[in-house]
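Novice: In order, the protein sequences belong to chains A and B. Going by my numbering, the first sequence wraps up at 526, each residue one higher than the last. Going by my numbering, the second sequence wraps up at 189, each residue one higher than the last.
No lab work stands behind these hints, which were simulated from the structure alone. One thing to keep in mind: the hints can contain errors.
[Said to hold, decoys possible] Heads up, simulated DSS-like pairs for lysine-lysine below, C-alpha to C-alpha not over 25 Å straight-line:
1. A/K468 - A/K483
2. A/K457 - A/K469
3. A/K438 - A/K393
4. A/K426 - A/K438
5. A/K88 - B/K173
6. A/K468 - A/K426
7. A/K497 - A/K484
8. A/K458 - A/K468
9. A/K457 - B/K173
10. A/K457 - A/K438
11. A/K393 - B/K93
12. B/K173 - A/K426
13. A/K495 - A/K483
14. B/K173 - A/K438
15. A/K393 - B/K173
16. A/K484 - A/K495
17. A/K498 - A/K483
18. A/K469 - A/K458
[Stated by the list, open to error] If you want the ones that stay clear, here's a sample from chain A, every Cβ over 12 Å from chain B, calculated:
19. E24
20. V73
21. H95
22. Q122
23. R125
24. G216
25. R387
26. E428
27. A465
28. L491
All C-beta atoms, glycine included, are put in the ideal place defined by N, C-alpha and C.
The primary structure of each chain is shown beneath.
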Amino acid sequence: MIEILEQPRQIFGGLRLAANKAQSLRTPLRSAPLPERLIVPLSQHIGEPAETLVQVGDKVLKGQPIARSLNYISAPVHAPTSGTVTDIGEYAVPHPSGLKATCVVIHADGADRSADTGLKMDDVFCADPADIRQRVREAGIVGLGGAGFPTAVKLNPGRPVELLVINAAECEPYISCDEALMCERTAEVIDGVRIMRHALQAQQVVIGVEDNMPRAVDCLRRGLEAAGERDIRLLAVPTVYPAGGEKQLIYALTGKEIPSQGLPADLGMVCHNVGTAAAVARALLQGEPLISRIVTITGAGVSQPCNLEVRIGTPIADVIASCGGYTEQAAHLLMGGPMMGIPLPNDRMPVIKTSNCLLAASVEEIPPPPAALPCIRCARCTEVCPAYLLPQQLFWYARSRDFDKVQDYNLFDCIECGCCARVCPSHIPLVQYYRFAKTEIWDLERQRTKADLARQRHEFRVERLEREKKALEERRAAAKKGLAARPKSGDAEAKKAEIAAALARVKGKKTQPATVSAMRGSADSEQGPGSDTGSDSR
Amino acid sequence: MLTAIIALGTLAAVFGLLLGYSAIRFRVEGDPIVERIDALLPQTQCGQCGFAGCRPYAEAIAGGEADINQCPPGGDAGIQALAELLGVEPKPLNAEHGEHTELRLAVIDEQTCIGCTLCIQACPVDAILGAAKQMHTVIASECTGCDLCVAPCPVDCIHMLAPGQVIATWKWPYPGSEQRLTAGDSA
Chain A
-11 MIEILEQPRQ IFGGLRLAAN KAQSLRTPLR SAPLPERLIV PLSQHIGEPA ETLVQVGDKV
49 LKGQPIARSL NYISAPVHAP TSGTVTDIGE YAVPHPSGLK ATCVVIHADG ADRSADTGLK
109 MDDVFCADPA DIRQRVREAG IVGLGGAGFP TAVKLNPGRP VELLVINAAE CEPYISCDEA
169 LMCERTAEVI DGVRIMRHAL QAQQVVIGVE DNMPRAVDCL RRGLEAAGER DIRLLAVPTV
229 YPAGGEKQLI YALTGKEIPS QGLPADLGMV CHNVGTAAAV ARALLQGEPL ISRIVTITGA
289 GVSQPCNLEV RIGTPIADVI ASCGGYTEQA AHLLMGGPMM GIPLPNDRMP VIKTSNCLLA
349 ASVEEIPPPP AALPCIRCAR CTEVCPAYLL PQQLFWYARS RDFDKVQDYN LFDCIECGCC
409 ARVCPSHIPL VQYYRFAKTE IWDLERQRTK ADLARQRHEF RVERLEREKK ALEERRAAAK
469 KGLAARPKSG DAEAKKAEIA AALARVKGKK TQPATVSAMR GSADSEQGPG SDTGSDSR
Chain B
3 MLTAIIALGT LAAVFGLLLG YSAIRFRVEG DPIVERIDAL LPQTQCGQCG FAGCRPYAEA
63 IAGGEADINQ CPPGGDAGIQ ALAELLGVEP KPLNAEHGEH TELRLAVIDE QTCIGCTLCI
123 QACPVDAILG AAKQMHTVIA SECTGCDLCV APCPVDCIHM LAPGQVIATW KWPYPGSEQR
183 LTAGDSA
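This is chain B alone, in the form it adopts within the complex (with noise of 0.2 Å):
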């Protein structure tokens, strides 16, 4: 009886100690599924989901507040990647948020730019050169086609244009979607 109190409580003791210290030495620091469902959004910044960015989104999806299907840069294929990550069922997105369209950047027309700044202060990536009363730009590597920036221009001389394809970036189309000869075909 004795024994197997003491063997009992000196597991409990061992097991208890090292949880204890594993819980120290292991800690995780923030939640890895905030780290996982962010890296899957597309960082546009936009807010289109109703969060102040792609990760509060991501903690509010986490956190059960958010759907997975508010965020409209991301489309059905964002959808889809999260719906694997949580294991849950895919859905449309929802149409409140506005909807996928193709990457478009932003390009401020310089004649007309009065050097304001708002769009400046808009901008949640830093992309926007310039100073106040000075001509301001757009770097195009940085922009996220996140719209922010159109609504404050007091000039309306921001547009969002698609990027023009250039031979570094082309795709092959999908077979099929073009007529085209190429090796495979003419095999």
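This is chain A alone, in the form it adopts within the complex (with noise of 0.2 Å):
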């Protein structure tokens, strides 16, 4: 039996960082206006990229599934709005590696005609929980947290789950989505929990904010009696960032620490995150997939900070443009906050699933940073590394680029959250040191696999080469044997005969009349090959 704590704990490290979520929650939550072009990509979240099921010229529905996920671990995509296809291509989209990916472009036609998609459950309290997945599945819905982890997936966890986390708590400053959500569509919010607790039949249930939300915790709290619903728990854990980390969130509500490359499913658990839930509730009872999400503008760069419903593929650049367009302050573009983002070259980038904020930064947010000096181990670092580990060491090892000890390391139990770059006062770009240790990680694993199929196939064919000598040794023996076995005697008159009626055949083709040999000379020479070769089979 899992244990909410009556009195949620604070997780260990972590950092107190001004919150900057007010600028953005001065206005009520809107929608964006309608883009002329969206640009849908379609790899949105972790696993295989969607396939497209629509072609250039296609009109498509709103809601209409436009890619379709093959793999177990992948998401649908579907049309943000009615319109055509106007392209498939290669587009750059909000990725660090700034490379393009595949995309399906649509020009609005501003009907925003809604497809029928099928997703709708009447009673889906009643329902099998199995059905409810398939349908979150075909719904596209994927972590909205910022992971981008197919939402079907963890809806399976292959064991009973007797708590359901809702991650709430929002952690890293200036994104305030999840806020907005939470005060703004609380009915939504608490209907996706309960499909979420129905689907994954757990007993437990415990909502988990931040304390320094007090309006959403006061919205839910009146949304749940309003509900009459006595068994979901919410709760304020203490503000730290990150506290919002799903391993830091469980600590802070049951006490309990997921172990290392573990996942809470282990310990009986689940975390979602609260926008998924209410993309659930908004796929199940209205039957609308995952073609918009929340996104916080904000930052100093911006004119109107706020929160706006955007629909997945519209340009960054309208976006900021309907928050009435840059400052003169604007130094810096990161989808995400200040902490975790990734920096922006463009505006141009389509907002996608996972885009929960964007961020148009000062130069006095987000300074440049002053260059990296000798690490002093000094340990600040271990003692804000939310993760228990030792941030110095990992860097140690990571900039000599010894993998396997980084690993001894437990460089996958961190986080990225950069809590230990924040706080080093050599300036030393830590996270940068164990992104490119994971990545240089899982390129030498595939590396590693692409070798071991190359050296099947490579034995494979020694071995099948080999076959095929022996057979055709074999057939050559046995040919011989077949020549030797011939009767000898009497082979000269056999002999004779043989080429007295070759020589006769010879002559009957020099007799015919010249004209016809000429004419047909070409043809007898393309033929005469073909005769040979197979006399030779023979």
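Assemble the dimeric complex from its two separately framed chains, guided by the hints.
Specialist: Take a look at the structure:
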């Protein structure tokens, strides 16, 4: 039995950062205007990219699937509005690499006509959990907290779930999309949580929020009362960044620690983001797949910071424009918050399923990093690491490319929260080193898999050639035997007859009319080698 | 005296039987060091080392017939790993066998291909698909970049090209090697 603490704990390590959430919460949540052109990437989630179902020139309706998922860990993609597919090609997407990825471009017709998605369920609370999962999968719902892991997979942990944790902590500064959602769409959130509880057959549910969002707590409490829901606990955890990390939030709420490289499911728990819960409710109760999300647009670089409901695929420039555009202070553009966000080289990229925040920051908000100095082993990074790691050791081994050692120090438990780099007095870009090491290790693994395949194929080829050689030798031996077995007696007579017959054939050919032979000359020469090879093969 | 002889004789017999049994029961098939060397080789099967593939080279290293610095695709990292495994000093790559280059994959210009099947016969990992007088193509995921198909092609339609970067296999650069604002910096 997992016990939910009466008094949530404070997580280990972490930082107290200025929240900077108020500026984007001043205005109520509204919908961004429909853009003219939407760029919808096929891979907006963890796992295999989806496969297109449409062609250039096709007319699509809002909510119609435009790409399907062929693998278990993947998610389909839907048309965010009605319109015409004008291109399927490579476009820049928000990713730290700055590389392009396959996108479907839709020109909106402005009518915003919906397709019948068939996702709606009338009696969702009595439905078979497998049916709910299937529809969540078809709705293309992925974790909206930022990671983008397919939700249907996380609704099927393969073991009994005792506790469903709803992550509403939203710990990173500037980001307020979950708070806006909880305040303005309370009923949808609660419906989503109840559907998830039913799908997981979870015995207990707890919603974890940070204690610096009293309005959201208030709204949820009233919403739960209105719904007559007594079994969903609501707890406010102490505000420390990164209390919204999955393992950190579970510790704060239950006092339990997820083992290294383990999953909450190992302890009978599953954690879902609050926005994901709302998306599930929207899909199953209103039949709308994941075609929009709430995005916080904030920072000193934007005129009117706010929260907007944005269609997936809307170019970031259009979103910024509907917030009054940039101010003169705008220096950086990030997708995500100041701690974990990824810098974007331009604003032509689209909003995707995992875009929780667009931060147009000023130079004061994100000052340029001072030059890195040598590590002085002060261990301040160790004090703030919420994953109980030794960041200075990880740095040491990542820097020297000792990838075995860096894994011995549990590199893959690092959540890349950036606390260590923030406190580092030497301004070492620690997280960059960890990300470098992680992707290098993944690359080595891929190379190893490829080498194993090459070895297998080469061995098979050697074996096949050996087999073919042996078979050829056997055939030759058999042919030789056959030749030797031919009767040799009276061969002189037989040979003479054979030669005579051959001569007669040649003569017969030569005596044919000259014109015909001239006309057929080319044909004969073509036939010649053919008949030769025929006799050879015999 | 007799007791001592009997005791020692019995002991010798017991250990003899034990060792004899172990030799059969725990018999090691093949040479494990060859397997371990082979596991470190890149399996390009290019033959640049002077042997007919990675395994023969591994056997030659194990037998002391070849040096550890004859594998250009493995590069310095491969030599380092072999040196660690064998407990010898790493040495620079032997230039006689070629130089280390980034992985490049064979691409057949399908407009020019005449379907002669020579490249299919040359490919050490059966990564080229095609038939006589039919267009050939390379299965990119199985190509090891060994270059062996390039020389036999009578119409020079095979090119070795660096694979394009895709998001799925993209790697973060080594910090400092590229000016880039990241979370760590921005904080």
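Novice: A separate judgement is required for each hint: does it hold in the structure or not?
Specialist: Results for each hint:
1. A/K468 - A/K483: 20 Å, holds
2. A/K457 - A/K469: The hint holds at about 18 Å.
3. A/K438 - A/K393: 23 Å, holds
4. A/K426 - A/K438: This hinted pair holds, its Cα atoms lying about 19 Å apart.
5. A/K88 - B/K173: 15 Å, holds
6. A/K468 - A/K426: 63 Å, violated
7. A/K497 - A/K484: 20 Å, holds
8. A/K458 - A/K468: With a Cα-Cα distance of about 15 Å, the restraint between A/K458 and A/K468 holds, given a limit of 25 Å.
9. A/K457 - B/K173: 45 Å, violated
10. A/K457 - A/K438: 28 Å, violated
11. A/K393 - B/K93: This hinted pair holds, its Cα atoms lying about 23 Å apart.
12. B/K173 - A/K426: 9 Å, holds
13. A/K495 - A/K483: Holds, because 18 Å separates the two Cα atoms, which is no more than 25 Å.
14. B/K173 - A/K438: Answer holds: B/K173 to A/K438 is near 17 Å, not above 25 Å.
15. A/K393 - B/K173: Holds, because 19 Å separates the two Cα atoms, which is no more than 25 Å.
16. A/K484 - A/K495: 16 Å, holds
17. A/K498 - A/K483: 23 Å, holds
18. A/K469 - A/K458: With Cα atoms ~17 Å apart, A/K469 and A/K458 stay inside 25 Å; holds.
19. E24: Check passes; 26 Å lies beyond 12 Å.
20. V73: 22 Å, holds
21. H95: 25 Å, holds
22. Q122: 26 Å, holds
23. R125: 21 Å, holds
24. G216: Given a closest Cβ separation of 43 Å, the condition holds.
25. R387: With a cut-off of 12 Å, A/R387 comes too close to chain B, as the shortest Cβ separation is near 8 Å.
26. E428: 6 Å, violated
27. A465: For A/A465, whose nearest Cβ neighbour in chain B is about 24 Å away, the distance exceeds 12 Å, so it holds.
28. L491: Non-interface label stands for A/L491: nearest chain B Cβ at 36 Å, farther than 12 Å.
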